[in-house]
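Colleague: Sequence:
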Amino acid sequence: MIRKMILDLLYPPVCMICGRLLSKTTGVCRECFGKLQWIKDPRCMCCGKPLHDERQEYCPECEGIRREFTAGIGVFPYRSIIRQAVLDLKDHGKKENAAFLGACMAAAVRPLLLSWKPKCLVPIPLSSKKLRIRGYNQAQLLADELGKKLDLPVRKDILYRHSGRKEQKRLHRFARKRNQAGTFFTAKTDIPERVLLVDDIYTTGSTLEAAAWALKQAGVQKVYFVTVCMGTDF
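Last residue of the sequence shown: 234 (this note's numbering), numbering continuous.
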């Protein structure tokens, strides 16, 4: 408690969106919280992207194809005010952002737990090379926060990532899927039947599909996912 008080004096909490000083470590100020754009129904029954017509069941990306994951949900549109906070967590060492973002993920996914019934949370891993460079895995930080809120164990000993792949953000949609083939591998002991993958950003879904494929090859029957942000452009 004393350590926290000293740190708050030296480094007072600020809003992760606008930078305004906060009286409490809440993550965002009241004004910015009111501006958050939460993804709402109707959503794609598979990937969770928002739909323009409530009569639709699937988005154009999921309609007519078989996804490796069972279903998923994103909390915020990628092109919204929360985007920079996610990028700051991912690329600029703002690990403290994980607390608020993880709480938002928990609020979004909690109503689905009765039907999904995941046995554990599995963060999307980084390659060992990228982990050494960055020093932490943002998906792991989010999963840790999510696990506290949902009372679910976090398993980082199940899914692993090969090194040597190109960065996804530099590739177009179809190249991303090819690049992810064979990206992940699993430890084949104590594999649960249902898992909930945790990641920061969903774009085409190729990363989550590759992870889901590896998990299913290891014996997982149902793979769900939750992300902070989701690209909503069809």
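It should be emphasised that the hints constitute simulated quantities derived from the structure, not laboratory data.
Yeah, the Cβ is synthetic: ideal placement off N, Cα and C, and Gly gets one too.
One thing to keep in mind: the hints can contain errors.
[Unchecked claim] FRET-style restraints, in silico, Cβ to Cβ: (1) LEU22 / LYS156: 15 to 23 Å; (2) SER80 / LYS156: 24 to 32 Å; (3) LYS129 / LYS35: 31 to 39 Å; (4) GLU54 / ALA187: 18 to 26 Å.
Colleague: Just pull the numbers of the violated hints for me, sorted ascending.
Modeller: 1, 4
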